[in-house]
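Visitor: Read top to bottom, the protein sequences are chains A and B. Taking the working numbering, I'd label the letters of the first sequence as residues 1 to 599. Taking the working numbering, I'd label the letters of the second sequence as residues 1 to 591.
It is worth saying that the hints were derived from the structure and are not from the lab. You can trust all of the hints, since none of them are fake.
Partial list, computed: chain B residues near chain A (C-beta under 7 Å):
#1 A70
#2 T80
#3 A107
#4 L111
#5 N119
#6 D217
#7 H232
Every residue, glycine too, gets a C-beta built ideally from N, C-alpha and C.
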Amino acid sequence: MTATTDSARAETLDPAGQGGAWRHGWGLARAHPWLFTANIAGYIVFYSLPLLGGLFMRAVFDRLGGHARAGLDLWTLVGLLLGAQLLPQLVLFGASAAWFAFAYAMEGMLRRNLLGHLVAAPGPKSLPASVGDMVSRFRDDALAIVWFVEAWVDLSGLIVFTIVSLTIMASISPAIAAVAAVPMVLIVILTNHLALRIHHYRRLNREATARVTGFLGETFGAVQAIQVASAEHRILSRLTALNDTRRKAAVADQIFNVMLDTVSNNMGRIGLGLVLLISAGALRQGAFTVGDFTLFVAYTGFASVGPQWIGRLMARRRTAAVSIGRMEAGLEGAAPYALTAPRPTPPPIADYNDPLDVLQARGLTSLYSDTRRGIEDVSLTLRRGGLTVVAGEVGAGKTTLIKALLGLVPLQGGEILWNGRPVADPATFMIPPHCAYTAQAPRLFSESLRDNLLMGIDDDGAALARAIRLAILEDDLAEMEKGLETIVGTRGVTLSGGQLQRAAAARMFLREPDLILLDDASSALDVRTERLFWQRLLDGGGRTCLAVSHRPEAYRRADEIILLSHGRVAARGTLESLLETSADFRQTWRDITLAGEAR
Amino acid sequence: MTESPRPRLDFRAALAAYLGPQKGRVAILSLFLLAAIGLQLLGPLILKRFVDNAAPGPAALPMTSLWALAGVYIAAALLTQGAQVGAAWFSEQVGWTATNRLRRDLAAHVLGLDLTFHNARTPGELIERVDGDVTALATFFSQFVMQILGSALLLTGIIVLITLQDWRIGLALGLFAILAAFLISRTTQIGAPRWASERQARSDVAGFLEERLGGLDDIRANGGASHVMDRHGELTVALNRAGRRAGRMGLAMNTSINALYTIGLGISLIGGILLFQSRQVSLGTVYLFVQYTGMMANPLAQIGMQLQQFQSAGAGLGRVRRIQAISTRIADGTGVAWPSGPPGLAFRHVTFAYEGRGPVLQDVSFDLAAGQTLGLLGRTGSGKTTLIRLLFRLYEIGEGEILLGGQDIRQATLAQLRAGIGVVTQEVQLFEASVRENVTLFDPAIADARILTVLDEIGLGPWLSRLPAGLDSDLTAGGLSAGEAQLLAFARVFLREPSLVVLDEASSRLDPATDRLIEQAMDRLLRPDPARPPRTAIIIAHKLATVRRADRILILDHGKVAEFGARADLAADPGSRFSGLLRSGIEGVLT
Numbered sequence: 001m002t003a004t005t006d007s008a009r010a011e012t013l014d015p016a017g018q019g020g021a022w023r024h025g026w027g028l029a030r031a032h033p034w035l036f037t038a039n040i041a042g043y044i045v046f047y048s049l050p051l052l053g054g055l056f057m058r059a060v061f062d063r064l065g066g067h068a069r070a071g072l073d074l075w076t077l078v079g080l081l082l083g084a085q086l087l088p089q090l091v092l093f094g095a096s097a098a099w100f101a102f103a104y105a106m107e108g109m110l111r112r113n114l115l116g117h118l119v120a121a122p123g124p125k126s127l128p129a130s131v132g133d134m135v136s137r138f139r140d141d142a143l144a145i146v147w148f149v150e151a152w153v154d155l156s157g158l159i160v161f162t163i164v165s166l167t168i169m170a171s172i173s174p175a176i177a178a179v180a181a182v183p184m185v186l187i188v189i190l191t192n193h194l195a196l197r198i199h200h201y202r203r204l205n206r207e208a209t210a211r212v213t214g215f216l217g218e219t220f221g222a223v224q225a226i227q228v229a230s231a232e233h234r235i236l237s238r239l240t241a242l243n244d245t246r247r248k249a250a251v252a253d254q255i256f257n258v259m260l261d262t263v264s265n266n267m268g269r270i271g272l273g274l275v276l277l278i279s280a281g282a283l284r285q286g287a288f289t290v291g292d293f294t295l296f297v298a299y300t301g302f303a304s305v306g307p308q309w310i311g312r313l314m315a316r317r318r319t320a321a322v323s324i325g326r327m328e329a330g331l332e333g334a335a336p337y338a339l340t341a342p343r344p345t346p347p348p349i350a351d352y353n354d355p356l357d358v359l360q361a362r363g364l365t366s367l368y369s370d371t372r373r374g375i376e377d378v379s380l381t382l383r384r385g386g387l388t389v390v391a392g393e394v395g396a397g398k399t400t401l402i403k404a405l406l407g408l409v410p411l412q413g414g415e416i417l418w419n420g421r422p423v424a425d426p427a428t429f430m431i432p433p434h435c436a437y438t439a440q441a442p443r444l445f446s447e448s449l450r451d452n453l454l455m456g457i458d459d460d461g462a463a464l465a466r467a468i469r470l471a472i473l474e475d476d477l478a479e480m481e482k483g484l485e486t487i488v489g490t491r492g493v494t495l496s497g498g499q500l501q502r503a504a505a506a507r508m509f510l511r512e513p514d515l516i517l518l519d520d521a522s523s524a525l526d527v528r529t530e531r532l533f534w535q536r537l538l539d540g541g542g543r544t545c546l547a548v549s550h551r552p553e554a555y556r557r558a559d560e561i562i563l564l565s566h567g568r569v570a571a572r573g574t575l576e577s578l579l580e581t582s583a584d585f586r587q588t589w590r591d592i593t594l595a596g597e598a599r
Numbered sequence: 001m002t003e004s005p006r007p008r009l010d011f012r013a014a015l016a017a018y019l020g021p022q023k024g025r026v027a028i029l030s031l032f033l034l035a036a037i038g039l040q041l042l043g044p045l046i047l048k049r050f051v052d053n054a055a056p057g058p059a060a061l062p063m064t065s066l067w068a069l070a071g072v073y074i075a076a077a078l079l080t081q082g083a084q085v086g087a088a089w090f091s092e093q094v095g096w097t098a099t100n101r102l103r104r105d106l107a108a109h110v111l112g113l114d115l116t117f118h119n120a121r122t123p124g125e126l127i128e129r130v131d132g133d134v135t136a137l138a139t140f141f142s143q144f145v146m147q148i149l150g151s152a153l154l155l156t157g158i159i160v161l162i163t164l165q166d167w168r169i170g171l172a173l174g175l176f177a178i179l180a181a182f183l184i185s186r187t188t189q190i191g192a193p194r195w196a197s198e199r200q201a202r203s204d205v206a207g208f209l210e211e212r213l214g215g216l217d218d219i220r221a222n223g224g225a226s227h228v229m230d231r232h233g234e235l236t237v238a239l240n241r242a243g244r245r246a247g248r249m250g251l252a253m254n255t256s257i258n259a260l261y262t263i264g265l266g267i268s269l270i271g272g273i274l275l276f277q278s279r280q281v282s283l284g285t286v287y288l289f290v291q292y293t294g295m296m297a298n299p300l301a302q303i304g305m306q307l308q309q310f311q312s313a314g315a316g317l318g319r320v321r322r323i324q325a326i327s328t329r330i331a332d333g334t335g336v337a338w339p340s341g342p343p344g345l346a347f348r349h350v351t352f353a354y355e356g357r358g359p360v361l362q363d364v365s366f367d368l369a370a371g372q373t374l375g376l377l378g379r380t381g382s383g384k385t386t387l388i389r390l391l392f393r394l395y396e397i398g399e400g401e402i403l404l405g406g407q408d409i410r411q412a413t414l415a416q417l418r419a420g421i422g423v424v425t426q427e428v429q430l431f432e433a434s435v436r437e438n439v440t441l442f443d444p445a446i447a448d449a450r451i452l453t454v455l456d457e458i459g460l461g462p463w464l465s466r467l468p469a470g471l472d473s474d475l476t477a478g479g480l481s482a483g484e485a486q487l488l489a490f491a492r493v494f495l496r497e498p499s500l501v502v503l504d505e506a507s508s509r510l511d512p513a514t515d516r517l518i519e520q521a522m523d524r525l526l527r528p529d530p531a532r533p534p535r536t537a538i539i540i541a542h543k544l545a546t547v548r549r550a551d552r553i554l555i556l557d558h559g560k561v562a563e564f565g566a567r568a569d570l571a572a573d574p575g576s577r578f579s580g581l582l583r584s585g586i587e588g589v590l591t
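Next up, chain A with everything else stripped away, as it sits in the complex:
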């Protein structure tokens, strides 16, 4: 959350950014030194060749007009002129190929660094925006940063062209050259001004776009709910409203970009008009030849491109600064410039040399800033081979407790001790083989069931079979035509709720962790399956387990039950002792076992 507000503040305080975009661009370039150099060199050559074309054009027309200069004959000059026309295109072919290689490499690197941080970096990670919005940051914002670097490449060639062309023109007629240079200054000023506006409208456009994609993502993730509620037309009216906002923003954005492009072109034409005005006298006096005139027309016509790219560069820098801010919002806790660091965050490898004897948590506090909900001052001790069950009503903090132990939510206080030694960063320590987890609503991905379970682990067959047995998934697999090769649909929807939970449990068991964290993972299981689940889990021996559950079976087998209420521990003990001492717990137990009493 802090990252978003920080970047928002940076944006309002300093709409131009603090040169961060330059450094990020440089980071991207430095990571690909050869591609970058090839691009710069290629585009310098590409933009310099038209200089030759202008000189040959001048020679041809001077010869035709009777002002012979060089010793070359007319048709040789025509040949050279046509050659100078063709050559840049061949150079461009090579330069652009290098550009495509460079651009896709940069884009991939930006995505890799952000994704790497989200899945692998220390500390709790939360997405600063909806998943759909995040996808647009990975896609559109990464491209905006790449386009900034594109402007460097083009501009490097254009600067060379501009300097040389001005020098040549000045050597022919300093006065007319000076007039030709006037609009170039104006273009820079105008484009700079426009670029400021573009920055504003581009941001509005991006925000409006993100709202559309975010909404589409939510919609397509909720198709079933929408269909059963017949809410299609209402969803579509909302989409229409969001579309409309986006259209207005996009048109404004685009218009300013068109102005940026056309203003410089037409300023170039005005420059040419000024050249006409000034050169008319010189032409009349014969001090200025037709050949000179054609050279000035050629160079002045192209001279607007350089200043135009300066304007474009400024515009793209601002856009890139916004995009960098949006991507960096997901890089909370990372080193500065991690977005364009040459090496991504390496995936954490838990240094496993200390099998679990006892895990202690002392005074864990983790509150959501806006609602003040979560857990406060929760302590617990898990001993090897023991089962601890967390009980409590909705919003009591059960899931937060599990997530706090895993380092998935930020801690405001408390510490976690593994065999008495403090865990510095739970997020990168409480992972396999120390620990593994099955969420309340676990996520599987659109891959084969096998890939989902293995998630990168080398398969030796036996381990997979063991995990599947532990998760009681054998029967389901036997019924699937393709067994483990069954392609799991989006978010696992082709599986039933119970199958999904057990597949996620199998994924967890496969990691053979010392400590197992289950967040209500048996909720979709029927009574028999659930009994079998606990039996297999606990009778294997050696597995330490912390589980959120509302099931009598779990309570009965628990070594300790922790009853949470409003984020604090309300009572703790074994089933028998709690039934004796805690009125709250007796109520809970009555509710759970209501089925029996109802008979």
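Based on these hints, arrange chain B on the given structure of chain A.
Guide: The following block gives chain B in isolation, referenced to the frame of chain A:
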């Protein structure tokens, strides 16, 4: 639900369907465009006069005329600016209005497709289809007129003006332009599939990211980071390869266009010089040829560049069309007249299998009288959820029929059918929108007072009072627990007042205290008015406590009806599966 028949989307049909309603804007756009082109054509004519008449000689114009020419040149530049911005504004408006309509139509189409379609696609992939591909099309809509038509007009103008100077050069350049345009359009066809694979690779990345970002906790806590990064690496390599292949094709096209342009320049320069040497044209005319040929480079390159966009638009349109071509397997019914009051429900020999999988339901038959509650039991994977999905016609049944209120559900319109059934599923889908919009699913017709009453009844009153802006609060801003989300799903059903209620494992994730809230809410939901008959209901639950309220019990086993009967009868029969289940449930409590 009935949508007008969708337009067949080839380019011409797409233009007609989406630009047709904007005739006025298109007309103004054309005017601006023509003005801009005319002004551009004026420039070289002025330069010609300068070359011919500025130098001392018999044709020399007075200095004031030369200055006037320069003034006209500058004025034309200023007017061009205005015309170009005006044309851009109208073309963007036209383009965005058209593509927004396409986005909406496409979203409507996709939303109307059954779950067989959706299960095979990630939301991220569909975002690419509905937004990414259409954005590529937006360029087509907004730039096509501007660039391709504009460029074609400019080219024609140039040829005509050159022909006026000398018909031989005009003819040669005209033939050249036609040849160039032909070659360009041919190369386009080669490139389209490559851009299609680039877009596919891009949407693979988006789909991958969408899913992984949604499951970040699962990945992190189970040590899946390196696997995810490896997969991302593979997808990135695939995208790079596809993009570079597509880019190279575009470059080859660009280079050939410019090589063609060099030929054009050769024609006009050599032809012009020969004519000049035989004193048929002036030096200024030679320069005019060169200038106009130079002006051909831009529209030719523009056409090339736009055709590149056109390629990706073509690829996008192809994919849009493929999506449009997928029709739901669920044919809408013609509508039925249901009597008011709760309906009876009957399944008759219903058999169903998901695509490519074994049967999930086999010959399922049962009867539920109006106002009765059915308790649906069975192991996970026994077909309970599927049975409910069939009732909503989220999938089409294979064999047999489902009767609601005595009528085959296929006769009813989908809207009619679904309006009559309310469901609470285990997974609650929330939107990044206000609490009000989430509870009403964006229905503005529901009054706040009613929403407040329902939220209060269901026990979400205290939760709501904690939110900063009440119903206007952003739902995702406050931490919403799974149980509260479940209660919210209940509120959605309450507001809809269905005559048949389905609770799909609704209470499985709730803690006992919330369960009590739900039980009370359920009482009201099943029987809103004690004076009138209760609603018909199906409750799926693994917990026997929830089954208490059932009149009938249906136990599914491997997709078949294992047991069906009145709850009281089954409970009393010691040989029944149901009584066995009751015993195993109680057993634990007693020991």
